Every structure is written in C-alpha cells, then in structure tokens.
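Asks: Position chain B relative to chain A; hints supplied.
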Amino acid sequence: MKNRKIRRIGIGLGIVLYSIWATLFYQLTFTGWTLEYSYYGVAMVVGLSLLFMYAFPKRDRRVVVRFTLYAVILSLGIANFAPAAGMWRIIDTIVFIILAIGLGRWLVPVRMGWQLLTLVSLLLFEMWIPLSDVNLLTAFNVNYVGHLSSQDAQVPSIPVTVIPNSRGLQTMITIRGHRPVPHEAQTLIDAMATSGNPTLTKDAIIQLQHSYDLISIKPGKVFFHTSLATPQQLARTSVDSLAMIDFPFSQPHFLSVEGNVRMYVTLAKDPGYYTSMLLNPGTLSTAVGQMALQTAATTQEEWKAIGGNTQNSVQGLSLQNGYLSGSYQGHPIHVKTVGVTILGIKPLLPSHISTEPQAVVEGDNVIQVISLGARPHVIATLNGSYLHPLTTDLVFADVTGNGSDAMLINTVPAQIVQLTPSGTWKTLWVSGRSTFRFEAVLPRAGGDLIIANSPSLISQNPIRYLGGYVYQNGTLNTVFRSYHGNLVDLHVVHILNGSPQILTSVYAHQEIILLSQSKIPWYPVVLVVYGFVVLAGLVRRTRGVKA
Amino acid sequence: MKRSLSIGLVSLFAMALISGCGLTSTPTALTSQIVARTVDPNGLSQVESALLGVSNDHSYQVKAGMTVAAGHYLRRISYYGYVSLPGFVSMDETIGGVDYQIYQMNNFAYAKTGGKWSPIQPITDLTPWTSMLALLHSHPPRVVYTLPQQTLVSWPCYVYQFRANDLNTSLTKLGAKGKLIAHQALYTVYVDVKDGKLRQIQVQSTVGVPGLGTASLESTELLFNYNKIVPMSAPSDLMTQIELP
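Protein chains in written order, with the numbering used here: chain A, 1 to 547; chain B, 1 to 245.
Be aware that one or more of the hints could be misleading.
As the list claims (entries may be wrong) - Straight-line distance between alpha carbons at most 25 Å, and here's what the computed PhoX-like set of lysine-lysine pairs gives:
1. A:Lys426 x A:Lys218
2. A:Lys304 x A:Lys269
3. B:Lys173 x A:Lys336
4. A:Lys202 x A:Lys269
5. B:Lys197 x B:Lys228
6. B:Lys177 x A:Lys336
7. A:Lys269 x B:Lys116
8. A:Lys336 x B:Lys228
9. A:Lys269 x B:Lys112
10. B:Lys116 x A:Lys202
11. A:Lys336 x A:Lys346
12. B:Lys116 x B:Lys63
13. B:Lys194 x B:Lys228
14. A:Lys269 x B:Lys63
15. A:Lys519 x A:Lys221
16. A:Lys221 x A:Lys346
17. B:Lys63 x B:Lys112
18. B:Lys63 x B:Lys194
19. B:Lys228 x A:Lys202
20. B:Lys228 x B:Lys63
21. B:Lys63 x B:Lys197
22. A:Lys304 x A:Lys202
As the list claims (entries may be wrong) - Away from chain B, derived, C-beta distances all over 12 Å, residues of chain A:
23. Asn80
24. Trp106
25. Thr187
Said to hold, decoys possible - A partial selection of chain B residues facing chain A, derived with a Cβ cut-off under 7 Å:
26. Tyr73
27. Asp166
28. Thr206
29. Gly211
If you're looking for bench data, these hints aren't it; they were derived computationally from the structure. Values in this document were obtained by computation on a predicted structure and should not be read as measured data. Note that the Cβ used here is the ideal one computed from N, Cα and C, for glycine as well.
Chain A extracted, bound-state conformation (with noise of 0.2 Å):
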C-alpha cells in the first residue's frame, strides 16, 4: 500500500519533471540551433530526434515519443495564448484546456490523471517565466519581468534608468502608461488657473490618454513593489536616460500633477516642417542640429521645473564652457576640451604607465581622453567619421585582464578599440556583422564577459539575439548564447544583492527584464538529460532483446 503510493508519487514527479524537461529541450536545444545554424541546425535537430525515437525499444516508442510531443505542444500552446489579456485570457485558458484534454486522448497512451498533472505543471511553469523567456535560462534567471502598458508607437521600447537607493542598492525608475480617472481632466482644467506653465497643462490635458506616469520599481520580499516615483527619487534621476524617446523628433514633456510627475510626447515641429526639412538637403543638416539642441534643452528645462536631476557632474567632475572642470581626489582639475558629456572616468592606460584613471570625454562625433594625474591634460582624441560615427553607444571593458580598459563602440560595423601609451589608438576587432552590437560588460577574471546582440552564425537574417563573449588574441569566443531578440538598452545594475545584475527593455514588447548571471548551466544540463534519456532507452532496449 505504502509502496504503491510512493510509486505513484515518483511517477507524478517524473512526468512534471520529464515535461519541464521537454520544453526546456525544445527552445534551448532545438530553437536555438535553428536559430544559429540553420539548414545545419535543422539536420542536427532532425538528427537528435532519430536519435531519441530509435533509442526506444518499439513498445516503449509509443509512448515516450507521444508523450514527449504532447508536453511540447503543450508548452507552445500555453506560449500563444499567454499574451491574451482580461476576459480573453480566461476564454483563451478554457478553450486551450478542453483542446489539450481532448489531444491527450486522441494521442497519448497515458492516464489521464498524470495528463492533467503535465497540464497543470505546465501551466505552472509558463506563469513563473514565459516560454520567450526561457531562451534567456542558457546565461541568467529571469528576476523580474515588469509589464508597463503603453499603447503609443512613440514609445517603442520602455526607457528605464536606476537611482542610488538607502540600502545601497539600486531602484529602478521607468514610466508605465496613464489609465485616466473620471473627473480628472477637470481636475487639471482648474489646474491651470494657478499653473505655472498653462500651456503644458493644456497639451497635457489633451495628451491625457497618452501621457506616462512615472514609477519606482523596487524588490520586496516576495515581489517586486511599483509606486509612483517621489520628488525625492526625481531629484536624483537624470532625465537623458528615460526622454531618448524618438529624440530628436518629439519632445517629451513633464508636468506636475498635484506632487506626481507625468510624462506626455509630442512633436518637435509640425509634420509639415519636417517634410520641408526633407525638401532641403542642403540645410538639411543644420536643421537636424537644431532640432537635436532644441529638444535636448527643452527637456532640461522641463526635467528641471518639476525638480528632476539636471546637474551633469560625475565624480565631481563636470563640463562647463569648453573646459572639464572640478576636482579629483583632492587635486584641482580644469582642462580645455571639446566634449560635452563624460563619458566616464576609466583606466585606459595600464597601471604601470599611469597610476590614476582617465576621464574620457565625447564631443561632436570625437572622444578625448584626459589625463587625471600631477598635470592634467588631453592625452588622446579618438576622432569619428561621417561614415562611421562615434555615438555615446559604446561600453567600457577590461577585455585583456591587465586592468586597463578598452572602448567597446557601436560604429556600424562595431569595433574595439584600445588606448596605447603612446597616445595612439590600436584596433583590437571589427564586426564583420553590420548589425552585430555591443550591450553591457559583466566583471570577469582573466578578461571581462562581453554581453552582445549578434546576428545568427550562419544565416543572413539580420535578426540579432544575445550572447556572451569573451576577447582572446583577436577573436571573440562564444560563452553562451540566449536566443531571445528584441533585448535593447541593456544596463549593468545592482537592484538585488549579490554579483551586477542586467536590467533591459524588450523592443515593441512593454516590458522591462531583470536579469542575473546563472549559476545553473541549463543548456548542457538539458543536453545531458538528453543523454540519459537515449541512454535510457538504449539501455531497456538491449534488456528487452536478452528476455
């Protein structure tokens, strides 16, 4: 009796397990190499699964090989109708469950308790980390996976940027679209007697069912906690990070709403004038310019009326009027320069040549590097091109392990480059990819992990999706790779205790993701269980020929 029910509670097990085991298979295994090498890819799944059903002894065929399918189609159904919302979801659940029951008769040899059972896990499963997600599980956990619904195509992907916390930890800051209340628009229309800006309160009116609150995000202890962003957390939020929303031709504004901050988006210009910018490319230039200052001011201003963070300072140095200016490590610092925003203060050269770090500066399509030490000044311009030029989307990485930095930068195609004593620059590796970007850097011995999105190895689909590098003598080597696309404006962030985590957006998706470094390799574990299980096989096959 005892016996029979621990039987049946290994068999309960098994199955959940089994299933999980199934799904995680398929979309490491089986999507990932199609992914990355395809025709091949697909000979190589072709060939596992031959593999798989030979394995087999014919009577156990049957029933592994169905049953296999079935958690796997399973999985892909649930995946389809997750994204369903509200009433629709529950319809979607209904009918979804009456299907798979009636599909787990028709084909799977199995009691239809333990169908029920695979069923629910699975369920289960998909609500703890969306089967899109589950790509990711080859590198990281999925910490947090926040919905921040927002209908307008301005807003692509949700700009989110972190503040420094009390706990010495990091809050993240994003907006989440505003579902207005009754009376409300009234409430603003007597707000603006005492406005002090009563045309932004006008458009914000008018803007009403596209306008953004602003919100913190923080982890509790079970869930993660969302609440409007307070005063206090503005004021140490820089505003660059959350209004490049289709900089330069809209313009994010901000307005007070009774202590609360809302964000709306309109257009810079008219649509005309940019139709008339278009018609003359011999200003076309100048007006791109101009439009590029414009909005970047404007939303200072308004970033600064509602009390935000517009001082520019880093590690107590800032950019005023041509010259880096303040002071580091108690000695003064004033050096001419053509930047306009630090990039940050790194060590580029080694540390036998310079024992202090360098602030590194980026001006008009030009990035200087200026010495912090006794006598400080301009040691070297790393100039761009009309071609190839250097944007403010590059990354910092210690690709070598000797401590000094090299500049990872998004030129299409991307490059390394790093600084030589000498002043001179040395290309380390150029993209042979267009599409080929680097995200973020994760701290790692012997060489920094670099975090990128890069186009599949084989197909010519500019399709990117993440993966993990690590430089060595020219080259590149892949440390894993997470067939999730979409993943943009990742940042190295510290919301959780432990080693950095990688905070990102998910483009035309309305999510932000959390992510940590895996200690679990699930890519070869599920390779592995792969093995046991043809192992397994094989091995009640050989048995069932001796009886």
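Replies: Below, chain B without anything else, positioned relative to chain A:
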C-alpha cells in the same frame, strides 16, 4: 547499440565544433568605402550639371528616410510622396511610428494625424536642388570623390561624395585650438547614368548635444518620375471634414 553510440558521439562532436567557432575580426569592414573612392577633378561640375539638369523640371516623386542615432537609440522618419510645382504636395510621413499625411495646394495646407486633418504652415521650398546648388556656390567643396557605380532600384548611377560647410552658421563651434569650425556634412549625390538626372541625395552629419554626446544623422532621398506627376485633388476625407456640418 554500438552504432547508436557512434551516431551520438559524432553529433556531439559536430556540435562542439560549431559552437567552438568565435567571431573573427574583419578590419576591412571599416575601410571598404574609403578604399573604393577616388578623387575626381571633374566631380564638382558633374554634380552641378546634374542639379541644374533637373532645375527646369516641374514635378517629381520622392521616397526618403532620415535616421538619427543618439545614445543606445536609433530613430527614424520615413517619407513617400508627390510634388508638383509651384505648390502641390502630397506626402505620407511616419515619425516615431505614427503616420501623418500632408496635403498642400499652394496656400491650402493640411496635415492629418489620428484620423483628423488640421491646418499647417504651407511648405514653400519644394525644389531639393535649389538648396544643394546654394550650398555648392557658397562653400565649394575642395575635394569631390567618385565611388563605384551603383544601381538604385533599376537606375544605374554615378556616385559622387564631398564634404561641405553648412550654409547657415548657427552651429559653428569653437575648435580645440580656439579657431571657429563650421558645421559640416558629408553629401553623396547619385546621378543617373542614362539621362544624367539627379537620382538620390544622401546627407550624413553629426552634432554634439550637451549631456547626450553625439547625435548622428543619416538621410537618404530618392527622386524619380520627373515631370510625370499631376496635382491631385484634395483627399475626400479632408473635404468631408471641411464641408459637413
């Protein structure tokens, strides 16, 4: 048993082989365009005559796009439309993923967004070649390059490239050595091999934005169907919006 094991080993080996591949460096990817261009002493006059060649034309069709890259982002406007001189414009625009439609007949100018038309400032300069000629006359480029022939859609084109200072001095800045530096852009002009007409103008430029760093611009406009566009009457939904009570 032995056979299946060997199949398994072979497939695992193949897998390890392919995933072991790294991304090698391709330095030529950065220099290919520079290598392919040569200085052309007649380039300037070729570009000028192409611009002058279309300056008597009375209508054209345009397909264009403008991309600005700043920070981690790349933003795009796209255009498609018809222009007939002196004052007809019909243009579809996509800005920040939102569609806009423009209809203009001389001083009657409207733009449509979100299903509703509203009046706009009439667009006056409808001849792209005028601003290009003004640019060449006020600051003739010192060097004009020629690039290998390219085919745009179905038109084989000669390709010329040059840098020129802005007509307007509003973005002039102070250089590192204290000298004033004019704001510049790189222009690539495509001239049709068969009829010598101006086919495409590409503009690439950058601007340094305080706090944000470099914003880079790339714009491409393709001109075609010269003298084949007849002004169209106003869209019916615009008329309905105006006429119906």
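Asks: Each hint should be assessed against the structure and marked as holding or not.
Replies: We went through each hint and held it up to the structure:
1. A:Lys426 x A:Lys218: Measuring from Cα to Cα gives roughly 42 Å; hence the hint is violated.
2. A:Lys304 x A:Lys269: holds, 22 Å
3. B:Lys173 x A:Lys336: holds, 14 Å
4. A:Lys202 x A:Lys269: Given pair lysine 202 of chain A, lysine 269 of chain A holds - Cα atoms ~17 Å apart, limit 25 Å.
5. B:Lys197 x B:Lys228: With a Cα-Cα distance of about 14 Å, the restraint between lysine 197 of chain B and lysine 228 of chain B holds, given a limit of 25 Å.
6. B:Lys177 x A:Lys336: holds, 10 Å
7. A:Lys269 x B:Lys116: Roughly 17 Å between the alpha carbons, so the hint for lysine 269 of chain A and lysine 116 of chain B holds.
8. A:Lys336 x B:Lys228: violated, 56 Å
9. A:Lys269 x B:Lys112: holds, 14 Å
10. B:Lys116 x A:Lys202: Given pair lysine 116 of chain B, lysine 202 of chain A holds - Cα atoms ~19 Å apart, limit 25 Å.
11. A:Lys336 x A:Lys346: holds, 19 Å
12. B:Lys116 x B:Lys63: holds, 24 Å
13. B:Lys194 x B:Lys228: holds, 18 Å
14. A:Lys269 x B:Lys63: holds, 21 Å
15. A:Lys519 x A:Lys221: holds, 21 Å
16. A:Lys221 x A:Lys346: violated, 36 Å
17. B:Lys63 x B:Lys112: holds, 19 Å
18. B:Lys63 x B:Lys194: Since the Cα atoms of lysine 63 of chain B and lysine 194 of chain B sit roughly 20 Å apart, the hinted pair holds (cutoff 25 Å).
19. B:Lys228 x A:Lys202: Violated, at about 45 Å.
20. B:Lys228 x B:Lys63: Cα-Cα ~15 Å, so holds.
21. B:Lys63 x B:Lys197: holds, 16 Å
22. A:Lys304 x A:Lys202: holds, 20 Å
23. Asn80: Label holds. Min Cβ-Cβ 25 Å, cutoff 12 Å.
24. Trp106: Correct as stated: the minimum Cβ-Cβ distance to chain B is 30 Å, above 12 Å.
25. Thr187: holds, 24 Å
26. Tyr73: holds, 5 Å
27. Asp166: holds, 5 Å
28. Thr206: holds, 4 Å
29. Gly211: holds, 5 Å
Violated hints for the displayed structure, listed by number in ascending order: 1, 8, 16, 19.
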